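Please arrange chain R on chain E, whose structure you already have, making use of the hints.
Number of protein chains: 2
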Amino acid sequence: MTAYKDLTKEELLDLKNGLTKEFEEVKGKGLKLDMSRGKPSKAQLDLSMGMMDVLNSGTPLIGEDGTDCRNYGVLDGIKEAKQLMADMMEVSVDHVIVCGNASLNIMYDAVSRAMTHGILGSTPWAKLDKVKFLCPVPGYDRHFAITEHFGIEMINIPMTPQGPDMDMVEQYVNHDESVKGIWCVPKYSNPQGITYSEETVQRFAGLTPAAGDFRIFWDNAYGIHDLYEEEQDCLLEILAECEKQGHPDMVYKFSSTSKITFAGSGISAIAASEKNLKEIRKSMSIQTIGHDKVNQLRHVRFFKDIDGMKAHMKKHADIMRPKFETVVQVLEEELGGLAIGSWIVPKGGYFISFDALEGCAKAIVAKAKEAGLVMTGAGATFPYGKDPKDSNIRIAPSFPTPEELMTAAKVFVLSVKLVSIDKLLEQAG
Amino acid sequence: MTAYKDLTKEELLDLKNGLTKEFEEVKGKGLKLDMSRGKPSKAQLDLSMGMMDVLNSGTPLIGEDGTDCRNYGVLDGIKEAKQLMADMMEVSVDHVIVCGNASLNIMYDAVSRAMTHGILGSTPWAKLDKVKFLCPVPGYDRHFAITEHFGIEMINIPMTPQGPDMDMVEQYVNHDESVKGIWCVPKYSNPQGITYSEETVQRFAGLTPAAGDFRIFWDNAYGIHDLYEEEQDCLLEILAECEKQGHPDMVYKFSSTSKITFAGSGISAIAASEKNLKEIRKSMSIQTIGHDKVNQLRHVRFFKDIDGMKAHMKKHADIMRPKFETVVQVLEEELGGLAIGSWIVPKGGYFISFDALEGCAKAIVAKAKEAGLVMTGAGATFPYGKDPKDSNIRIAPSFPTPEELMTAAKVFVLSVKLVSIDKLLEQAG
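Those protein sequences? They're chains E and R, same order as listed. Heads up, the first sequence is in the UniProt record's numbering, so the first residue is 1 and it goes up one at a time. Heads up, the second sequence is in the UniProt record's numbering, so the first residue is 1 and it goes up one at a time.
For reference, chain E alone in the conformation it holds in the complex:
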């Protein structure tokens, strides 16, 4: 393969002609494909249908400790659900509050609460002139949307293969007291699939924030979402690490079963220090009488315990693995050596991150759409939707069927090629 940049203008134009014909053919098929969101596929959702049978009119909906799960009460989760989520989150049960159907909502509430009430006695953020959050990029658009919604200034922190650039993180956190938080997806990061290295986690835990109310927003969304049994990324547990380094209150850890059982009908949890949880419970007791305990019970009865949950995740992996491999294979076969894009091959999570030539991402997404393939909007992986290099594209291979995915991947690489050629021609002048 010759890198596109080494081709002559004539060669590029020739190539373009051929690819354009190919593209027009694909376009003519009237495809309707979607690689935009990290949605589980029908086959994955089917894995959890048994959850609809574990409770029925003959089942007493009574928790281990006698709690009638149908009634009011129990603010922070039934005992057995706390245990399950604690095991999943690798923390002790005292460090967990089980919440409603979405960890996103817990994160939103955490920021909202800090805005109106501060954290552990600090000034409410809404009363400060300036509040900033660090945002490892590329990252998760819904995280950035929360901080944007509350008028919090977001600062891009480049990702490295070991996680966020920790020199930069330390520089900001330890010296700027307006920096109040950082968004992290520490395992199989969204969208790159990078798992923070041991050193990275230790440096996180070793931060000495200028702001006493600085919090690490540790969204471990893909903690058990490995693709390969024999080759799993390993993430150091942050709560224990923070405690070890004398900063037990510095982190909020989030997780949910959204991509384990039913997206949108799962259970979620926050893990944090006792002090943090006490404050959260206090505010939660104003907000709700309690979350859906019947759904908590349903999850526990379905999985029984963490081993059951992990066994279940292997079935997910069996569905996801070939999809990831298809996309990676197409990328490698079609783009390998062309030097018009790069990607990381993840060992878990929900995404593949693609970096196009600078200034090409938007055009590629638009081109793909022309042929009926919806991708995540270019820029979405950056705060304010602004990718300074217009280069990153998030690929979400989970939702389409394997057949659709093969077609989608081909439409994608075709779009990458065409837009890249145009870019190179433009640069050649």
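The hints are simulated quantities; they were obtained by calculation from the structure and are not laboratory data. Don't take every hint at face value.
A pair holds if it fits inside one copy or across any two, identical chains being indistinguishable in the list.
DMTMM-like mimics (lysine to aspartate or glutamate), calculated; alpha carbons at most 25 Å apart, straight line [stated by the list, open to error]:
no. : residue 1 : residue 2
1   : Lys-16    : Glu-229
2   : Lys-369   : Asp-34
3   : Lys-315   : Asp-68
4   : Lys-304   : Asp-129
5   : Lys-282   : Glu-153
6   : Lys-275   : Glu-148
7   : Lys-42    : Asp-65
8   : Lys-304   : Asp-53
9   : Lys-21    : Asp-46
10  : Lys-127   : Glu-279
11  : Lys-127   : Glu-177
12  : Lys-42    : Glu-198
13  : Lys-127   : Glu-148
14  : Lys-423   : Asp-355
15  : Lys-278   : Asp-141
16  : Lys-282   : Asp-141
17  : Lys-42    : Asp-68
18  : Lys-42    : Asp-53
19  : Lys-127   : Glu-153
20  : Lys-410   : Glu-241
21  : Lys-5     : Glu-332
22  : Lys-315   : Glu-10
Note that the structure is predicted; figures quoted are calculated from it, not measured.
Same frame as chain E, but now just chain R:
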């Protein structure tokens, strides 16, 4: 019956002696009774066990319009759940957003959102020197807890048999721009069981608030919670009324199935004008990807439609009616004519409100506790937990069994009598 105040000191002392013996006997029984919270009883919860059977692993969890309820998506509720909640709330489906398991959470979020973002372009309340809410009293402690949590000043508005004192409401709302809201439980009010009269609702709809971002927080928690089929209170629909009077945006209406199916595992909804809903959806889209659609589907499949839901409510009424009647009967038989307390006999809802002699409520609740009966804390029905007259006690007859309830009611009246005698003796000097 002679009113206690007409008895001589000696007669009161005599009476006290006898009642004290009675009380000691009851105390000796080591009772453990609870009339403190508006929790459905086991028998009521059993009514909804069929809900656990309507979805199973063989049921496609697909909505009317093809939505896979198991997956992400659909911010404001599946079509059929919106229809059900709209019918229950007596509004059109366009005016409804279906949310999670608790309307309390929607109310909290509404206040929280106004604090950080204002309402329809107004200044965020957190940025104002003073924000006030009107609180019809006695009222619902969890409402007051929300406004207290956000540092909003609460102003007591006396209830009348027709609803809140509307002269006072108009005076405040129409002339004080720091008054941003009022908490209402318009049908079978908590705790008095009063339904706002037609004139009251019309005067609400006719308010001309000094603050453009004033909102009526209309918590129609007991909209279909009638005790008697033939004798139901009728409440004018507030959204339509507000629209008619040219103030469509002035009201947020809340409801849930918490006391229809499973408390804590129901579905909730907010109804409001298009403009309001647009703003709420925008903020909700940051907060969550969507609420639990499987539970929405479960509710619709169980009830089918509003008629099914209403038929279900008759079964609740059959359980609740004798309980209310037991309490009222004991109150009438034991306290009638004694002039040491008054109460309203409600036709629905969850509570009976008891007004003791001034300065006696706290002592009565404490006395009852001595004999093993837990009542709602005296003062709880007022903002800041402060009943200026120390007179109001909320009786929640729903949770105990009928047998327990008879005993509980007797312990209660015994406590009322003893504390009242002490009060009268004290006043006699």
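Hint check:
1. Lys-16 <-> Glu-229: Neither way: Lys-16 and Glu-229 sit 42 Å apart in one copy and 77 Å across, limit 25 Å.
2. Lys-369 <-> Asp-34: within (9 Å within a copy, 62 Å between copies)
3. Lys-315 <-> Asp-68: between (32 Å within a copy, 20 Å between copies)
4. Lys-304 <-> Asp-129: The answer is neither: 49 Å in one copy and 52 Å across copies each exceed 25 Å.
5. Lys-282 <-> Glu-153: between (28 Å within a copy, 20 Å between copies)
6. Lys-275 <-> Glu-148: Classified as between: cross-chain Cα gap 22 Å, same-chain 27 Å, threshold 25 Å.
7. Lys-42 <-> Asp-65: Between copies, since 17 Å is at most 25 Å while 36 Å is not.
8. Lys-304 <-> Asp-53: both (14 Å within a copy, 21 Å between copies)
9. Lys-21 <-> Asp-46: neither (39 Å within a copy, 66 Å between copies)
10. Lys-127 <-> Glu-279: both (19 Å within a copy, 23 Å between copies)
11. Lys-127 <-> Glu-177: both (14 Å within a copy, 22 Å between copies)
12. Lys-42 <-> Glu-198: neither (35 Å within a copy, 51 Å between copies)
13. Lys-127 <-> Glu-148: both (16 Å within a copy, 18 Å between copies)
14. Lys-423 <-> Asp-355: within (14 Å within a copy, 80 Å between copies)
15. Lys-278 <-> Asp-141: Close across copies (21 Å), not inside one copy (29 Å); limit 25 Å.
16. Lys-282 <-> Asp-141: between (29 Å within a copy, 15 Å between copies)
17. Lys-42 <-> Asp-68: So Lys-42 and Asp-68 pass the 25 Å test across copies only (9 Å; inside, 33 Å).
18. Lys-42 <-> Asp-53: both (18 Å within a copy, 22 Å between copies)
19. Lys-127 <-> Glu-153: both (15 Å within a copy, 19 Å between copies)
20. Lys-410 <-> Glu-241: So Lys-410 and Glu-241 fail the 25 Å test inside a copy (44 Å) and across (57 Å) alike.
21. Lys-5 <-> Glu-332: Within one copy only: 18 Å inside a chain, 94 Å across chains, cut-off 25 Å.
22. Lys-315 <-> Glu-10: Neither, since 50 Å and 81 Å both go past 25 Å.
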